[in-house]
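Q: What follows is the residue order along each chain.
There are 2 protein chains.
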Amino acid sequence: MALIIKKFGGTSLATPSLIMHLAKRVAAEVKSGNKVVVVVSAMGKTTNELISMAKQITNQPEEREMDMLLTAGERISMSLFSMSLNFLNVKAYSFTGSQVGIITTEEHTNAKILSVKGERLLSALNEGITPIIAGFQGVSGSKEVTTLGRGGSDTTAVALAAFLKADLCEIYSDVDGVFTIDPRINSGARLINQISYEEMLIMAHMGSKVLHPRSVEIAERYNIRLAVKPSFNEGDGTMITNAENIESVSVRGISTRQNLALVNLKTPDSNIVSLMKKLNSSNLNIELFITKTSEIISVVVEQDKVNDLLSCTEDACTSVSINNDIAIVSFIGTGVSTDKDVLGKILSITEKYSADVFGFFTDKLVLSIVTKQPYVEKISNEAAKAFQLIG
Amino acid sequence: MALIIKKFGGTSLATPSLIMHLAKRVAAEVKSGNKVVVVVSAMGKTTNELISMAKQITNQPEEREMDMLLTAGERISMSLFSMSLNFLNVKAYSFTGSQVGIITTEEHTNAKILSVKGERLLSALNEGITPIIAGFQGVSGSKEVTTLGRGGSDTTAVALAAFLKADLCEIYSDVDGVFTIDPRINSGARLINQISYEEMLIMAHMGSKVLHPRSVEIAERYNIRLAVKPSFNEGDGTMITNAENIESVSVRGISTRQNLALVNLKTPDSNIVSLMKKLNSSNLNIELFITKTSEIISVVVEQDKVNDLLSCTEDACTSVSINNDIAIVSFIGTGVSTDKDVLGKILSITEKYSADVFGFFTDKLVLSIVTKQPYVEKISNEAAKAFQLIG
Chain A
1 MALIIKKFGG TSLATPSLIM HLAKRVAAEV KSGNKVVVVV SAMGKTTNEL
51 ISMAKQITNQ PEEREMDMLL TAGERISMSL FSMSLNFLNV KAYSFTGSQV
101 GIITTEEHTN AKILSVKGER LLSALNEGIT PIIAGFQGVS GSKEVTTLGR
151 GGSDTTAVAL AAFLKADLCE IYSDVDGVFT IDPRINSGAR LINQISYEEM
201 LIMAHMGSKV LHPRSVEIAE RYNIRLAVKP SFNEGDGTMI TNAENIESVS
251 VRGISTRQNL ALVNLKTPDS NIVSLMKKLN SSNLNIELFI TKTSEIISVV
301 VEQDKVNDLL SCTEDACTSV SINNDIAIVS FIGTGVSTDK DVLGKILSIT
351 EKYSADVFGF FTDKLVLSIV TKQPYVEKIS NEAAKAFQLI G
Chain B
1 MALIIKKFGG TSLATPSLIM HLAKRVAAEV KSGNKVVVVV SAMGKTTNEL
51 ISMAKQITNQ PEEREMDMLL TAGERISMSL FSMSLNFLNV KAYSFTGSQV
101 GIITTEEHTN AKILSVKGER LLSALNEGIT PIIAGFQGVS GSKEVTTLGR
151 GGSDTTAVAL AAFLKADLCE IYSDVDGVFT IDPRINSGAR LINQISYEEM
201 LIMAHMGSKV LHPRSVEIAE RYNIRLAVKP SFNEGDGTMI TNAENIESVS
251 VRGISTRQNL ALVNLKTPDS NIVSLMKKLN SSNLNIELFI TKTSEIISVV
301 VEQDKVNDLL SCTEDACTSV SINNDIAIVS FIGTGVSTDK DVLGKILSIT
351 EKYSADVFGF FTDKLVLSIV TKQPYVEKIS NEAAKAFQLI G
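Here the protein sequences line up with chains A and B, keeping their order.
Position 193 (the first sequence) corresponds to 193 in the working numbering; numbering is contiguous.
Position 27 (the second sequence) corresponds to 27 in the working numbering; numbering is contiguous.
Incorrect hints may appear among the rest.
Identical chains blur together in the list; that is why a pair holds if it fits in one copy or across any two.
[As the list claims (entries may be wrong)] Here are the simulated BS3-like pairs of lysine-lysine, each with C-alpha atoms no more than 25 Å apart in a straight line:
1. Lys-209 with Lys-45
2. Lys-91 with Lys-55
3. Lys-112 with Lys-378
4. Lys-55 with Lys-352
5. Lys-24 with Lys-345
6. Lys-143 with Lys-229
7. Lys-35 with Lys-117
8. Lys-117 with Lys-143
9. Lys-143 with Lys-91
10. Lys-24 with Lys-55
11. Lys-378 with Lys-209
12. Lys-55 with Lys-45
13. Lys-45 with Lys-112
14. Lys-165 with Lys-117
15. Lys-117 with Lys-340
16. Lys-209 with Lys-364
17. Lys-209 with Lys-229
It should be emphasised that the hints constitute simulated quantities derived from the structure, not laboratory data.
For reference, chain A alone in the conformation it holds in the complex:
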């Protein structure tokens, strides 16, 4: 008998009949003798609809109230999921993040999980009840409702897997697993059967939206077997595990991030550290830093966050220039920092297309090129061919 966490994403839960479809899969697993804990996101576009109502009221809703608003989403999906399982004669109870003891920091809209109390979860499991847990949400020490930010339901699933020492944590979505390259860019993209935590972490950071990076970090720290699986077919998906368990390859995959902006900020007093501190204390996700000289730092952020960035740094900067339509192409694998051939091929491809390049960044498992949007497809398609990622 195994204990399995199954997390279902919003697209997979978009309608009551899709919920019932997934509940049947869970029921089959339970009836086969395994224990299952289900973690759900909000249904379909619910979260976006709730955000849009808030925006009709104010462009700057209080983060506390946004958390209260958005947590209605999983409340709806979890109760409908529980009703479906009960209908299928599998006794189920839904629990909010607060009820199941997901204790977080106080940081509204982007809280971190501090601990899992989980008493009600354990007693439900002991009584043979299948718990349906609201992903994405928790409760702070001061009893305020919090949310974990985008992709937070993955984090909930992995944190519960760690708490329960689950045998497996499965993340279900509308894609078949993790691909060597975004299938929307190259239809020859191949499904990756196995990938190491580290490689997956970088893929996630660098644009593969299948898993949230934080969930991969927690999985690695607690050595949780993590799988990305399809909601709508029976495929095996992608297994994320320790590097020693799998064959290493030079380039495992290519991730791309688009709709970015490169912002050059000039500080009057050359105090880069204080500028960095300002950025760090904001809620902005800074993709990359490029320190050009001691006076200018270049920052890559999502294009629609540029105004937020500017308002958080305006006190500290004398001049600003903005480059829109920036993209990052990242090559992930053990070879990118050790195999001279890999870098050689990438450089040749970049040269062949005369791509504007604003920076190269390399780390143990990743090589990233900051370039302009129009070069993304050309570079990544040609590289996918060169590194045999399609076929």
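Take the given structure of chain A and dock chain B to it, following the hints.
A: Same frame as chain A, but now just chain B:
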């Protein structure tokens, strides 16, 4: 400085811009120096939409999960209301029923409030924060989320008014107040300026949907000044207060209930008490009992609850007959049990239209006629004229 509870119904909160409209009224009250506690229902048709999703999954969803599902509704409206007030520079915090300590019985979908803990409510008020409270919901002793049944938000408002010893509890809706007769039946219906708790309680029981009866009971018990007011204009509405404060009239108003069924149940063993106990332990709202003989009891229920009634009594009955399209016309006022003229007029009107009458019921403040649907308008319009309720 007064402390005022303001409860807003779902129709009044149907869109973000309607919420903002009401938030402006609350902001004006706060800025005038009063303290306000806001209680909200779910927006517009949210509750019905959630119920319809549950019905797509199963016709008999678990009541525990229904409560979890439906409480998402007020969560959305309260956070949007709080955002609106904050936008208007009135510091506001939203709280769920559980957060604000509405402790209820364990009875899912129809729980009763046992007590109000209210610590977070008090500390918010002390800090000058306007609390926005989810109506309709609470938490049981075993920490399960519960709901108070239809109209439960009125009950939340009045229970909070009692707990806080509020100076006034205002129930806002899309009608101007309590009318002498349903304005959809007679457009000459007059707004009642003042009505006693007892009269209002009977009006509410007998079909006036403006206030939930339980909320009137609590208001009377704790002597809370209760007002029914319009959300969309500045009218004074109806004040519900002690009988000694207001002029008594023979007939204050007429209430009608339609879409009822009269069900005759025959017990084999003449054990009416055990049949009544079965009915009483069900979740059905029984409108009236008519004991015909020692073997048959006639029960009036909502037409769409007849099947529920039959399934709860099937063990105990040998035969059943059902009369659909039943309606009850009730005359409320101090005169109905004391003034022979009142009963005389009502009898003449009933006779004039040759109405089918299945029963007359009278109590201190009410006289009800059980009749068929087609006679409702004729009887009530003619009586409204006779008792000067229109004009």
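Q: Could you tell me which of the numbered hints above are not met by this structure, giving the numbers in increasing order?
A: 3, 4, 5, 6 and 15
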